[in-house]
Structure formats: structure tokens, C-alpha cells
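Novice: For reference, the chains in residue letters:
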Amino acid sequence: MSPSTSSSTTTTGAVARRRRPRDQRIKGKGLRAYVAGVYAFLFAPIVVLVLFSFNDSKRNATWKGFTLKWYDALFHDQPVLDSLWLTLRVAIIATIIATVFGSFAAYALTRYKFRGSGLYNGAIYVPLVIPEIVFAVALLSGFNAASVGLSMKTVIISHVAFMVSFVIVVVKARMSGFDNGLEEAAMDLGANEIQTFVYVTLPFMLPGIMAGALLAFVLSFDDFVITFFNSGVGNTTLPLKVYSMVKFGVTPEINAISVFMLLVSILMVLASYKLQGGPPTVVVKDKIKE
Amino acid sequence: MTGTPSSGETEARASVILEQHAGPLSRAMARLRGHNFVVANLLMGPTMLWLVLFLILPLGVILVYSFGSRGTYGDVILGFSFDNYLRAFNPTWLPIILRSFGFAAVATILTLLLGYPLAYFIAVYGGRRKNIYLIMVMLPFWTSYLIRTYSWIVILRSQGVINTVLMWTHLTSNPIEILNTPYSVILGLTYGFLPFMTLPLYASLEKLDKSLIEAAWDLGATRFWALMKVTIPLSLPGIIAGTLLTFIPAVGDFITPDLLGGPNTMMIGNLIQQQFLSARDWAYGSALSFSLMAILLLGIFFYVRKAGAENLA
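Sequence order for the protein chains is A and B.
Using the working numbering, read the first sequence as starting at 1 and increasing by one per residue.
Using the working numbering, read the second sequence as starting at 1 and increasing by one per residue.
Possibly wrong hints are sitting among the right ones.
Unchecked claim - Cross-link-like lysine-lysine pairs, in silico, DSS-like; alpha carbons within 30 angstroms at most:
{"hint": "1", "chain 1": "B", "residue 1": "K207", "chain 2": "A", "residue 2": "K29"}
{"hint": "2", "chain 1": "B", "residue 1": "K229", "chain 2": "A", "residue 2": "K29"}
{"hint": "3", "chain 1": "A", "residue 1": "K247", "chain 2": "A", "residue 2": "K69"}
{"hint": "4", "chain 1": "A", "residue 1": "K241", "chain 2": "A", "residue 2": "K69"}
No lab work stands behind these hints: they were computed from the structure.
Here the structure is a predicted model, which means the values were calculated and not measured.
Only chain A is shown next, with the shape it has when bound in the complex:
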């Protein structure tokens, strides 16, 4: 990736260089400072949450000393633990369904050329582009029209509906780097379709499937808007719990839950990127280079 930046000065002569904007390094410093500011803006709120989750003060934003008592309180707060347990169950079940369905679909879309694949390719982007609130109220209306009572099941169904597209996108990206010759070679060496799939294709897909599953899990774990409309009474997932607590005011316990949730998301996304070999745009770019 780096050669493109350094090559700029070597390719041109000294005369040409004189006419260029003077002293690019200093200009670069201005940009650097600005970008540092933007990063500070991105991370300041997160840093504030982490700091105040350890702050020994109930009400104010002044530092009163380090404490772990808010985290301790969290682990003894039964409603919060119940919410966490519900959130995990929903996320795990929805992730399994979305990952299986999404992997099938991604395999079909990359390994076969068939009539209607263009339509399918378009259809999987619909959940990604419609406003979340419209998705949420449409599901609520749909359940209502079909006289389906809201429950944990409707939450899982709704989550799968928006997660499956993310899984497909991630697994498709992985499959686009697949060499069809490998399958043909396996067949030539006497493997049947099932053996070829199990020993050649599936192992290649697996990092993509895992990466997609991790991202899907994070989406479900953090989802607020769609869950808010489709959970019914008593199915309070962790984000819904946080929301109702925030409505009553800022407390250090909310900061502690927030930090916990941020940590879960960040660790899973980093694991997912690791499996994908870098953040998605970098992966795509490397593919083009090959």
C-alpha cells in the first residue's frame, strides 16, 4: 500500500518540484492536526464513558477517585443480568439462522450464474438501504396484520431479517477470491460433489462465514430501533434496558453497562476483521490488485 505515497517525489525532476506547492510537509502538518482533531471527536465520547464508569461520584462530572463499584453493582443487578441473558439468547439464535441462510445465499450468488441472480443481488441490499425506523414499523404492522403476538420470537425473526444481508455481503466478499480450479482439481482427483464441498470449498468459505457471523452477532446484540418496536412487553433486551435507564437520568451504572457493550462489540468486530484479513475496503482493494 505504501509505495504510492513515497513514489510521488522520485518520479519528477527538480525543476518540476520547485513549481509545486511549497513545503508539502508543513501543509501535511495542518492536515495531520485536523485529522487528529477528527479522531479525537470520534473517540472523546467513548473515552469519557470509560473514565466515568470508574469514577467514584454519583452525580457530577468531577473526578472523585477510582472505583469498581459500578461494575460490581452491575453484576448484582438482576434485571440487568436478565436483560443480558435475553440479549445473548436472541443474538445467538438469530446469528445461527442468519449465518446459515446467508452463507447458502452467498454461495449461490457467487458460484452459480443463473436467471434472476441480478434480482436477488438487488434484493439483499434492500434491508441495508431502507431507513431502520421504516423497517421497524413495517415489521410491527406485518406482525399485527398477521395477528402474531410480539415475543422473543418476533425479535429473533426481525433480527434475522436485517442480519442476513450483512452475512451475505461478507461471505460473498470472501467467495469472490475463490479459485474455481480448486474444485475442478478435487473432482479430477476423484472427489464427488459432497467431498469437494466439505474438503475444499467449505474450508475456504469458513473464515468469511465466521467473520459474517461475528458481525451479525454484534448487530443483534446492539440493535435498538427494530427491537424497540417488535419486542412487546417484558422482552427487555440490554439496549432497551439501557434506553429506559437513560430516560430516568444519567447514572454511573449506565456508563458501566455501556463500556461492557462497547467492549463486546469492539472485540467481536476486531476478531471479524482478523478473519477477513483487514477491514473490508482493504480486502476488496487487495483482491483487485491480485
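With chain A held as given, fit chain B onto it using these hints.
Specialist: Then chain B, alone, in the frame of chain A:
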């Protein structure tokens, strides 16, 4: 679906041979071989079924509801009138809708002003650390939007970080009201959607041939004019994609105005939520939702016709 008769014949013969030698499962697979259409549709089946049942049909339901009216008990009386769509232009609601588009537009411009230099920096000066810089932009995108919005309450509220610092330094004697104003909502939207803007910008700036910028410099362009005449026009697909990806969720957002705003900063997302949950006028809520989606999808449609779908991803 099958090719020429002769190739179909050989395939059939091949599957007969396979059937004699393999187990029932392989036999089934062999029969399916050459029938890509069937296999592909079987594999697509569960996903498409899910999307039809839990996305397309529900959207159909709100379309039907949107022509109905509110019953006495908050139920929907089906009908066929455009009243709900016309109600959006009522002086009570029109400001909310205009405000949604206005706030989203301002936030989109702000994310562009913050995100463009950021994306440019990563693409041009990123070097070996490019991946780390990118991940640092993407991580907030993948963390809970609710929590990222909440964190601004901690910062902006009257006993929050900013006011504590202001009062401690005696710059103000009383806490200044930042929360529940248009400023806090726009700030929240800008913060929330900055990654949505930055990533497509990066994708487009990364593809840009840097020697074109150098050529502009060599031909005597100042840094500013090289940026205006070369870099920005060439990264236009990224700018448009980023604008769409920021603007669409920002218009429909309801967490930010709900948590960081007050009654005077209500946006269309809050209005939809209100109609579905407290006012229980689902017909009107459906009309609002459907028009919001239709306007935004039309925007995407015209963009895709113009710039090509590949630039969206």
C-alpha cells in the same frame, strides 16, 4: 436453462454412471448437476423467503394501512384515501418534516467537512498504518448507536463534562443549555454518521490515481486549485455515496432527537414512533414511513442510474 441437446445428453449419461457408483446423496447431487438454476434457487430460498415474509410483505402492509384511517381503539380501518399523505403538509407536521431534512442536510455537510480530510489523509498519508487508521474509523460504526448517542448526554448535560469545565474555569457562572437544542441534535447526527461518510470517501480516494494530482501541481496549479479541479471531481462518486449513506439514516433517525433533543427538535422518526406507539394512529404513521422510504429510495434510484451501482458499495 440447459445448453444444447448434445451436452444435456452427455450430462445425463454422466449422471447415470455416477448413480451406479455412488450413494443416494451423491446421486441426488449428480441429478442436480447441470441444473444450476434449481440448486441456486434452493440455496437462495430461505433468505428470499425471509425477506419476502419479513420485509416485502410488511412494507406492503404499511402501504395498505397508509390509505386507511384510525379506528376508535387505535386499530386501522382499511380504506382508500390519500388523507394521511396530505396530512403531512398540515402546518402542525410540515415543520417537523422540513426540520428532519434540514438537520440531516446540515449534519451531512458537517460529516463531509470532517470526513473528507480524514479519508484523504488515510488514503494518501496512511502508509503502513492505513489499516489501523481505517479500523479506528470503522469501530465506532460497529458499536451501539444508542450508547454513542448516550455518551453525548454525559458530555453535554448541565452537570456534564463541558459545563463542569466551563464553571470550574469560571467562564460561566451557570451551566449553559446545550442539550435539547438543535445544536445537540445536529452534533449527535454528525457524530453518529461520520463513519458512514468517511468510508465511501476513502474507497473512492484510494482508487484515485495520485499522479494526476502531481500533474496538476507540475502544471502550476496551487494546492487549493489541484484539490478543487482534480481531487474533488475525481472523488465525486465517493462524495455522492457518502452523502446518501449519511443523509438517509440521518433523516429517519429517532434515537438522536429522542435522547439529545427536546419537544422543539422533533424529527420525522419521532413522529413515526409517536404515531405507532402513543397516538396509535398507525395509518398516519404508515403514510409517513412509506413516503420517507419512497423519497429516499427515489434518491438512490436516480443516483444509481447516474453513477452506477458499484459506487454505492
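Novice: All hints, please: hold or fail.
Specialist: Here's how the hints hold up against the structure:
| no. | hint | verdict |
| --- | --- | --- |
| 1 | B:K207 to A:K29 | holds (23 angstroms) |
| 2 | B:K229 to A:K29 | holds (22 angstroms) |
| 3 | A:K247 to A:K69 | holds (22 angstroms) |
| 4 | A:K241 to A:K69 | holds (20 angstroms) |
Going down the numbered hints, you'll see the structure goes against none, and every one checks out.
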